[in-house]
Structures are given as C-alpha cells and as structure tokens.
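Participant: Sequence:
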Amino acid sequence: MVDATSIKADDEKRAERVPLSAPAFKRMVRATFPHKGLIVSGILASVVYAMLHSVSVLAVLPILKVLLEDEGLHGWADRTMAGAHVGAEFSVRETESRAALLVEKVVASSELHQQGLRPGAEVVALDGERLAPRDWLQRVAAATTEDRIRFSTTSPAGDHEITVSTGWKQRMGYRLVFLVPRDATGSGRMTALKFVLTALVIVVIAANLCRFIGEFLVRLGVLRSMMDLRRELYGKVLGLPMARFTRNTGDMVTRFVQDIQEVQRGLMSLFGKTIREPLKAIFILAAALLLDWRITITMIVIAPAAILLFWRAGTSIKKANRKLLRGYGSMINTLSGTLAAIGVVKAYTTENVERRRLWRVDRAMFRHQVKIIRLEAMMSPLLEVLGIVMVSVVTVWLGSRVVSGEIDVARFGALTVMLGMMFDPLRKLADVYTRIMRSGAGADRLFELLDAQQESEIHAGTRVLDNLEGDIEFRDVTFTYPEADTPALRDVSLTVTRGETIALVGRNGSGKTTLVNLLAHFYDPQHGAILFKGLDIREITLRSLRKLIGLVSQDTVVFPISLADNIAYGSRNGMRETVIDAAKRARADEFIRRTPGGYDTIPGDMGRTLSGGQKQRIAIARAILRDAPILVFDEATSQIDSESEQEIQAAVKEFSKDRTTFIIAHRLSTIRFADRIVVLDDGKIVDVGTHDTLIKRCAFYHGLCETQLLA
3 MVDATSIKAD
13 DEKRAERVPL
23 SAPAFKRMVR
33 ATFPHKGLIV
43 SGILASVVYA
53 MLHSVSVLAV
63 LPILKVLLED
73 EGLHGWADRT
83 MAGAHVGAEF
93 SVRETESRAA
103 LLVEKVVASS
113 ELHQQGLRPG
123 AEVVALDGER
133 LAPRDWLQRV
143 AAATTEDRIR
153 FSTTSPAGDH
163 EITVSTGWKQ
173 RMGYRLVFLV
183 PRDATGSGRM
193 TALKFVLTAL
203 VIVVIAANLC
213 RFIGEFLVRL
223 GVLRSMMDLR
233 RELYGKVLGL
243 PMARFTRNTG
253 DMVTRFVQDI
263 QEVQRGLMSL
273 FGKTIREPLK
283 AIFILAAALL
293 LDWRITITMI
303 VIAPAAILLF
313 WRAGTSIKKA
323 NRKLLRGYGS
333 MINTLSGTLA
343 AIGVVKAYTT
353 ENVERRRLWR
363 VDRAMFRHQV
373 KIIRLEAMMS
383 PLLEVLGIVM
393 VSVVTVWLGS
403 RVVSGEIDVA
413 RFGALTVMLG
423 MMFDPLRKLA
433 DVYTRIMRSG
443 AGADRLFELL
453 DAQQESEIHA
463 GTRVLDNLEG
473 DIEFRDVTFT
483 YPEADTPALR
493 DVSLTVTRGE
503 TIALVGRNGS
513 GKTTLVNLLA
523 HFYDPQHGAI
533 LFKGLDIREI
543 TLRSLRKLIG
553 LVSQDTVVFP
563 ISLADNIAYG
573 SRNGMRETVI
583 DAAKRARADE
593 FIRRTPGGYD
603 TIPGDMGRTL
613 SGGQKQRIAI
623 ARAILRDAPI
633 LVFDEATSQI
643 DSESEQEIQA
653 AVKEFSKDRT
663 TFIIAHRLST
673 IRFADRIVVL
683 DDGKIVDVGT
693 HDTLIKRCAF
703 YHGLCETQLL
713 A
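In my numbering, the protein residues as written are 3 to 713.
These are calculated hints, taken from the structure and not from any lab test. Computed from a predicted model, the values in this text were never measured in an experiment. Some hints here could point you the wrong way.
Taking CB as the label site, the calculated pair distances span [what the hints assert, rightly or not]:
1) Glu131 to Val49: 22 to 32 Å
2) Cys707 to Asp230: 25 to 35 Å
3) Ser43 to Ile204: 35 to 45 Å
4) Asp468 to Met244: 23 to 33 Å
5) Val559 to Asp468: 23 to 33 Å
6) Gln455 to Thr709: 14 to 24 Å
7) Asp364 to Asp426: 30 to 40 Å
8) Ile563 to Arg596: 18 to 28 Å
9) Thr418 to Asp453: 10 to 20 Å
Calculated cross-link-like contacts (lysine-lysine; reagent style DSSO-like; alpha-carbon spacing at most 27 Å) [stated by the list, open to error]:
10) Lys549 to Lys659
11) Lys655 to Lys535
12) Lys28 to Lys373
13) Lys238 to Lys38
14) Lys28 to Lys196
15) Lys238 to Lys549
16) Lys655 to Lys698
17) Lys698 to Lys686
18) Lys586 to Lys549
19) Lys549 to Lys655
20) Lys535 to Lys698
21) Lys38 to Lys28
Glycine included, C-beta positions come from ideal geometry on N, C-alpha and C.
Hey, can you work out the whole structure from these sequences and the hints?
Facilitator: What follows is the structure, encoded as structure tokens:
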C-alpha cells in the first residue's frame, strides 16, 4: 500500500514539466490516425460550421441597416457598390430644401484622384443628366465591369470619366443583397427584415447541423481510437514481466481507466473546440476586416496576453494532474486491498483504521485537485475581464469614429457585435486548453507503460520445444525478488529426472514457490541457470516453455466465465466430453452438476460463489485437461477435506505417471508418494531423499514433520 507521504515524495521526484509538444502528446494524436477518415470529416464539417456562423454574425449589419438607417439595406448597398466602382466613398446629406451627394473620401490610387477629385465635392450629374442622389447611386452601382462612367462634380476638375473595375467579391455581395425585394416604404422595410431574418434562421440551422455532424464524427473517431489504445495497452500489460506486477498494480489499473479518460477528453477537445472555436474567431475576423481592417488592432493587443495566460496555467495544471493520476492508482490499490480482506477487517474491527488510511491517500489527492480546479476556475474569469476591457477600449474608439462621421451607426453596431463574438471563442478555449494539458499528463503515463519492455523482448529465446525429452537441472541458482534485500534462493542445485515426482517442503518463505516460478521463467535468476536436457531455458521461447507446464497455483484463480471454460482455460482440447472427464478425475464433477447451471454456471467475481476446495478442484481439472509433461501443484489440496484429498491424491498420482511433477504441500500425506523430497530452508537445499531416509538422517525434516507437516 502507498500512503500520502510516499505519494508526495514520489511526485517531487518524478513530476517534471513536459511541454504540450512532448512526444507523448504527439503519439496521443497519432493514435487516432487509423480513424482519420472520421476525424477529418468531422473537422471539415466544423470548418463549414465556422463559415456559416460568421455569415450569421455578418447578418447583423443588414438587420441594423434596415432598422436604424433611412437609406435602408438597398440604399446602403447602392452607395457601397457605387463607391467601389469609382474608387471613392459617398454620403447623402439632406436638408429641408434638397438632398446632396457628397464625396467623403477618394482612394489615392484611383483614376478620380489623378483627375483631381477631392473630398467635399458634390456630385451633380451622370452622363449630363441631373439625378437625385439615390437614383445616381443606384445607376452607378448597377454598372458592370469595363463600363465607362461619366459624371460631373463641383470640384475644379468638373467632369470625370472612369472605367469600372470592381472585383467579383463586391459584385457577388451586391447581388446577394438584391435577393431581398427593393421597397423603400415602411412595409417594404419590414418585408426586407423578415427576408433577412428568414435567411438567417436557415443559415443557423445549416450551421448547427454541420456542428452536430462534426462533433459526432470527431467523438466517434476518438472513441474508436481509445478502444484500440485500450486493446493495445491490455496486450502490452499481459506481456509485461512478472517483476512489474510486484509493484503498485492499482496505478496500472488507473492508466486503463482514468488516464485513458483524460486522453479521450483531451482529444475530443483538440479535434472539437480547439479547431472549431479558433475557426469561428478567424472567420468573424475576416468578416470584420471587410467592414474595417483596423479591427485587427484588438487581436494584436489581446493575443499575446491570452497566450501567456494559457501557457503559465497549462504547465501547472499538467504537473498537478500527473500527481493526481498517480494518486488515483494509490487509492485503487488501497481500496482493492481492503475490500479483498474485508472479512479480516470486520473480524478485527479495524474499519476505522482502514478508513483513516484511505483518507490519508484521499487528502493527498485533494490537494492536487484543489490546485487544478483553482487554475481552471481562474482562466475564464481572467480572459473575460481581459476581453471586456479590450472591447470597451475598442468600442470607445469606434464610437469616436461614429461621432466624427467616419462610420455610420449600423456599421458601428455590427463591428461591436463582431468584436464581442471574436472574444467568445477565446473564452471557451480556456477550458479546452486546460483539458488538453491534463490529457498530456495522462498520455505521458500511458505511453510510459506502452514503451515498457515485454518479457518476450527481455527473454528473447528462439528455440521451440514440443515436449520434455530429458532431465531438468537447477544449476547454482541464486535469485532475489525485485526491490527485496535478501535472496529467495541461494546457490540451489538440483537435478530432476524425466517422469520423477519431486516434493518441495520447508517453512514459509524458504523458496519453494520461487523455485517453480523460475521453472516457468516468470523471473530470471541473477546467478546460475535452469536447464532442460542441457538447454538453458533462456534459449527457449516463453510460449513453448510454458505450454509444457500445467500449474495449480497457491492462490487459486477462477475466472468470471463458465465452469466449463474455466476448466478448458488455455487448452486446445476443450470439448465438453474432455472437460467433464477432467472434472471427474479432479473430483469436481459432482459439485458442478449440483449448481443451477451445471458446467455453464458462471461463478462470481474471482469465484466468490465457490468454496476454497471447489476452486482448487476446478484448478486441478484445468491442469489435468492441459495434459502437460510438467505438473506443478503448489498447495493444491490445502483447502480440501481429508476424504476429498485422498481421492484427489489418487487422481494426481495416477495422472502424474510419466510426467515430471513438482508438489509443494504442508501435508505429509500429500508428499509421501513422491519419488524424492527436497527440503529447503532460507533459500537453500538442506537435504534430498525419500521420506523414510530423511526422517532418519535430517533433523530439520524431522522437526517439520512434527511441527508443520500434518500426519
């Protein structure tokens, strides 16, 4: 178990800062490549959504034109288009006696400027015909490219003639405006307003349909990617060396659950809001630039401050989240250990002790959570304050231009709305960025596990064995468990002939289970070697080696699958007839048939619905069905009554004929039929021989028989 102090010490040692562009984050993104079709399609739908969203925001201008200004939408379009045709800006000034069309601005590079036209001049005629200002603007706006326009002004130059050279964007925008019926009356303006609003509703519906498609496809692609990642991670974990499982397995479980959830949320945000919201801001900015390029000054001012805020908060969040994820692992490990031993906890009335232990772990996690939520809660308010300050400054600037007559009220309103809409995506990105940084911490931990060496890479044997054809030799074997100080085995040498039954006896911790674990190559001895007919097992592939061994372990394992599948686990010969035969030989058939589902019964988690003896019989049947040339029985009958033990011993004795068998037991009746008994103590072999021989010459064995081995 890991307490809060050890968590803190471990965090201080390991929680270095990792930038967003760290290799683990890049690999997290690359994990989605197999499903890039879904994700790219979702991103394209988001691009369309952002474009349509900017169009809906741009619709504010025609709405304001219809509602606020006398010239209306069409009058504004005529004036804008006419000015674009000739390279100037016009305004209509009305007095009680008449209306005048005045030149407000002349583009310096235009023909009119070269002809001497300057601001302040009044336009008086078109092609020699005097027209009302609105009629003049309408006729000039209707001109097409390469048309020649001749008009007269009150400027010293008098008459002017230019060639129309308006771009396609202006012409397209002008045509779109005139999809709305032209009518200067009050009812006509309401018709225009209804038309614009109807078009706006259609655009918004289409935009949000694209948003739905985009979010759905992106999330579907990410979910499938995470399923692939879990499958890869599961395969990796199952292939890790046994030494890895002597550590905190709760931390490993956390990587499957919490870390992958963090990565999943980060990827959904990355391909969702992180792309969609900036695109919204960019398209709205482009729309604002069409109205007034000086709006970019706001982005120039606020962008560096926002980026700095994101970076500083993001690095702190990632560091804290890495600590939090390790804390989850410690909590799972502590909780699972307590629940597994709940009977002992209740029997010894130590509920409060366990509660305090879990609370210490929880308190350490709480500190990291507080830091994360403080930073996340701070981001949006800071950005909102920063945004409102900048919007206020720019609004004052735009307002001064309205007062001075540089822009009209409708354009002022549209620019103000667009400015506010540009800061909204930035505010939303505050939550997105912190989520991505948290996912980066999860990715670090996931890929650290995925990059760990598998035992097939560590034990890279190439020889394939189909059968055990000779003796097994332990030659000067010394082994110390990872993170242990004293060896579990010391200079052990033992030769076991093919077909021999060997019993291993000794006090707890003497090295009996370790010896058979090394036989299955769960670990590598630090010194010495284990040989099969002179061949070092390091040279044998793990798969072929372990297929030669049938194991009944000390901690009996029953999986949450049917009893028939439990017996057939790991065997190719899993026909129902062979399963029943193995169960009968293991004396399990009788109790299996008494269960409601028979051989199809699924026991509870870890076989909790079965007694200890029933689980051991299932495990023995599994070993019998495997039909391996090497059998290992590690306390295989420790939880079986005496009558059943005799029956099972008879079955094991019969089944072990012509097989090399290792038996670890604390019952004298279990080991007496062994060909030889190996006595171990403190990791060393004390003596080897038959029971009758050892009882006479080995005082240590004699003592075991009197104190530990039950007659």
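Participant: Hint by hint, note whether the structure agrees.
Facilitator: Quick rundown of the hints versus the structure:
no. : hint                         : in the structure
1   : Glu131 to Val49: 22 to 32 Å  : 49 Å, violated
2   : Cys707 to Asp230: 25 to 35 Å : 57 Å, violated
3   : Ser43 to Ile204: 35 to 45 Å  : 23 Å, violated
4   : Asp468 to Met244: 23 to 33 Å : 25 Å, holds
5   : Val559 to Asp468: 23 to 33 Å : 27 Å, holds
6   : Gln455 to Thr709: 14 to 24 Å : 44 Å, violated
7   : Asp364 to Asp426: 30 to 40 Å : 38 Å, holds
8   : Ile563 to Arg596: 18 to 28 Å : 19 Å, holds
9   : Thr418 to Asp453: 10 to 20 Å : 53 Å, violated
10  : Lys549 to Lys659             : 18 Å, holds
11  : Lys655 to Lys535             : 24 Å, holds
12  : Lys28 to Lys373              : 26 Å, holds
13  : Lys238 to Lys38              : 24 Å, holds
14  : Lys28 to Lys196              : 50 Å, violated
15  : Lys238 to Lys549             : 20 Å, holds
16  : Lys655 to Lys698             : 25 Å, holds
17  : Lys698 to Lys686             : 20 Å, holds
18  : Lys586 to Lys549             : 23 Å, holds
19  : Lys549 to Lys655             : 21 Å, holds
20  : Lys535 to Lys698             : 32 Å, violated
21  : Lys38 to Lys28               : 15 Å, holds
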